[in-house]
Each structure stands twice: as structure tokens, then as C-alpha cells.
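Participant: Here the protein sequences come in this chain order: S and U.
This note's numbering puts the first residue of the first sequence at 1, with every later residue one more than the last.
This note's numbering puts the first residue of the second sequence at 1, with every later residue one more than the last.
One or more of the hints may lead you astray.
[Unchecked claim] As a list, the in silico EDC-like pairs of lysine to aspartate or glutamate whose alpha-carbon atoms are at most 16 Å apart: (1) U:100 x S:19; (2) S:167 x U:38; (3) U:2 x U:67; (4) S:142 x S:103.
FYI, nobody ran anything at the bench for these hints, they're computed from the structure.
What you are looking at is a predicted structure, and each value in this text was computed from that prediction instead of being measured.
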Amino acid sequence: MIQMANKEGTSFLHQVMAETPRGERLLHCIQCGSCGGSCPNGPDMDYSPRILFALIQAGEREKVLSANTMWMCVSCYYCTTRCPQQIPITDIMYTLKRMSLREGLAKGTDAPALARTFVHYLATYGRAFELGLATRFYLFNKPLAMVKMGPLGLKMLAHGRMSLMPKRIRNIGQLQAIIAKAQDLGD
Amino acid sequence: MKYAFYPGCSLEASSAAYARSIEAVCRALGIELVEVDDWNCCGATEYHSLHRLTAAAVIARNLALVDQQLTQLVAPCAACFLNLKKVDHQMADEPAWADKVNAALAAGGLHYQPGRVKVRHLVEVLHSDVGKEGIQARVKKSLAGLKVAPYYGCQIVRPFKDWDNPEYPMKLDELMSWVGAEVVPYPTKAACCGGHMTQISEAQAYELLRRLLQSAVDAGADVILCMCPMCQLNLDAYQSAVNSYFGTNYRMPILFFTQVLGLAFGLSLKELGFGSEIVAALPVLRQKVPAVLAAAKS
């Protein structure tokens, strides 16, 4: 394993590991590149997971957290199952997404907006609401693309595949209390 | 056979055909599915990007709500399946984490004991619990003549490797061959459809979808069979967008495996939710398995 570069490097690496289940496996990365080679979006990443892990170990916090790598991750788990060192790579990508958002370093991606819009409906109704998600997400994030999405939405409606009204679970108060408590307890 | 059932949000709207055909197929096989009372959305891949504990607690609420008499939970959607299974495993793996998740659940008067519920996908249940004999005993019309490409996607076969091969799974292949369908070798059967990428990054999304469609065409498939609503939606609803983007001319019907299984059981097109697919499937089915279609009441 690569020597830790400095005190800051140590703390960044340890923070990533601490926030990821089985994250300590990151110490065992042998820089083999199976992850990037397995990734369906690997070619479009600023840094492949392999390079990203070297940057984490070198303490390059800002470089790592402003990369597009984790936002290109589609959670397909090819890298995770193929990693010869059992590093939970997909889960590390989730950790990096959260850290990047917390530190305001996520840029050039609509993924956080999609996640926030999705979660808004979950916390309000207890269920996902596809029509609401699509219109709200596009309206606030890419209004021009809405024109393109219109025909698709109509096709979905015509085929009976779109609800016009959200469904609210019976005990939404219970779910909201659980969400509030979880947020209170921290990550 | 009785199982707790977590349908997931997609089955209520965009993938109602999956819900209908699951219900019809399970009824035909004598499988009783008991819907988890007042279940909530699993958060898909979205909540994990924002807050780990909240994501886990939201998922664990569903595990806690599973009927105390039942220990097996069937989830037909890939994201729901993995979320439920993963939270159960992570709570079992790390007791301190389980305590934290339970502290959040306690705010709603709930508690979940890790390991109490075993999360399973419907394909696994049909393949292992019903088995070859049970499936074949129900077949009324063989699907011989129909070439199907079984598409597993990612999250049902990875990262957990405990019920099929994560690189080249075979359970859905076998299940469909038991009802006479000609299962083609489909090299991209466990590759990713892009999930939410169709919403945030069309260049990446459309390329992943193009690979799946081309691979099925190369394999000579008449139809792609899905076991996840997101995969079905992406391949079906975005197929014309993929065609415009690449100048291709794919017309590959995308169905849920339960719809085609139900045809072999002699169930009606209506019970199986046909008609909601965007790329027309019935013309292809009428051509390849005319006797099956003639027998299936509309």
C-alpha cells in the first residue's frame, strides 16, 4: 500500500474509510485497475476509481471531491464483485458523493438535484412520484430538455404508465419521525 | 407457499404490467404474496448519495413492517431487492450500525432484528422453490419458436453472489427454457442499463442502452425479458430516443419475464398487462408463437 503523504492525507483517507461499511479494505488497494476496466462509464470519468484511490491516499481532498468519478457511477457493482482485494468500491463512491455534497464540491452534474428531488417526494408522501419527479427535476434543472421529454411523457400516459397523483402512505408521520431522528443522529 | 411482498413504487405506475403479471403468475402457481402493510419507497440509489443513516432507516422501516409470521420477503425490483437485502446484511455485519438504525426506527415505534427477514427476488423463488417440475406442471402452451434474451441487469446479481453467478447468471435462462422458450446466449445479460443516467446524462445512458439492444439483435433475440422495472423502462421507453441519437433502427420488444411466463401458462393478455409496452410486442409474438397468442384470451 502507498505511504500516506502527510497528516491531511491520513485524515482524509481515514474519513472515507470510517464512513464506508468495510471501508478499511481501501488500505489494501494494489492499484490493479480492475475497477476502471470493469466500469461501464470508466472512459467518461475524470479519474478512474484506481486513480481516485491513489489520490485519496495522497490526501488530495479537493481534487477527489470535485471529480465527476462518483457521479458517473451507476451502482452496477461490477468493480465491487471483481476487486481482488474486496474493496467495497460502489459504497466508497456513495461516501464520496455525500462528502462532495457536504463540502459543496459537486459540480457539473445533475445527479445531486435528481437525488434531492427524489427524496423530497419520498419524505412528503412515502412513495416515489414519477410524474412529479420528472417535471420538478426538469423544470428546475434543465427546463430546455423538458421540451424533448414531453413526447415521452405523453407516450407513458397513453400507455397507462404514469400516475397523475402521488400516493401517500397511511402512516407518513411515522416515516417522517424516523427520517428526522436519523438526520439528527448524523451519518 | 406464502411470502411477504414488497412491490416497490414502479409497480404502482410505470410498471403496472409487472405487478399484474406477477400477481397472475403467482396465483396460477399457488403462491400467496402478502403485501407489506403501508410500505414506503426504498429510496432507490438516490438516498445513499445524501445521507447514509437516513437511507438505511427508510429501508429498514419496511423490513420492520414485514408480518411477524413471515420470514421471506419477495421484492421484484432490482433497486428495492438490493436495498432491503443490503441493509439487512449491513445491520447484521455491524451491530453498532444496527443499533443506530434501530435508534432511528424507535422514533416511529419500530424495531428490526437483523437476519429476521430473508430478502429474495421472484426469479429465485420461481426457480428454486417452485422448481422445474412445478413450473412445467402448469404449462399449457409451449413457447417453442420464441427466442428470448434474458436480461438480469446489475443489482439483482451483484454485489451479492449467493443465488446466481454475478458475471453470467443462468437462473432466468433456465426458467424460460422450462416453458419451451429458446433462450439465446446474451453476452450483456448482466451489464448495466444506466439506471438514472437517462435523467441526468443522456450520452452515457444511451450508449449503455445501445449496447444492450445491439447485443440482443446480434444474438438473434425476438424479445428482451426484464426482471427489473427500471431496466424495462429504460430499454422500452427510451428505445426511440436511442434510435434518434445513434441513427439506429431498433424495434426490440421489451417485456417482463412474468408476462411471457404467463403466456405459457395460458393466462390472458389483459391479466398479464400487455398493451402498456411502448415498443409493440404483440406483432412479434403473433409471428413467432401464433398458437400461444391464439390461445391467450385478450
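Participant: Next step is simple, just say for each hint if it's right about the structure.
Facilitator: We went through each hint and held it up to the structure:
For the hint linking residue 100 (chain U) to residue 19 (chain S), the alpha-carbon distance of about 14 Å falls within 16 Å, and the restraint holds. With a CA separation close to 11 Å, the supplied pair residue 167 (chain S) and residue 38 (chain U) stays within the 16 Å bound. At roughly 11 Å between alpha-carbon atoms, residue 2 (chain U) and residue 67 (chain U) fall within 16 Å of each other, so this suggested pair holds. A threshold of 16 Å between alpha carbons decides the hint, and for residue 142 (chain S) with residue 103 (chain S) the separation of about 24 Å lies outside it, so the pair is violated.
When each numbered hint is compared with the structure, a violation occurs for hint 4 only.
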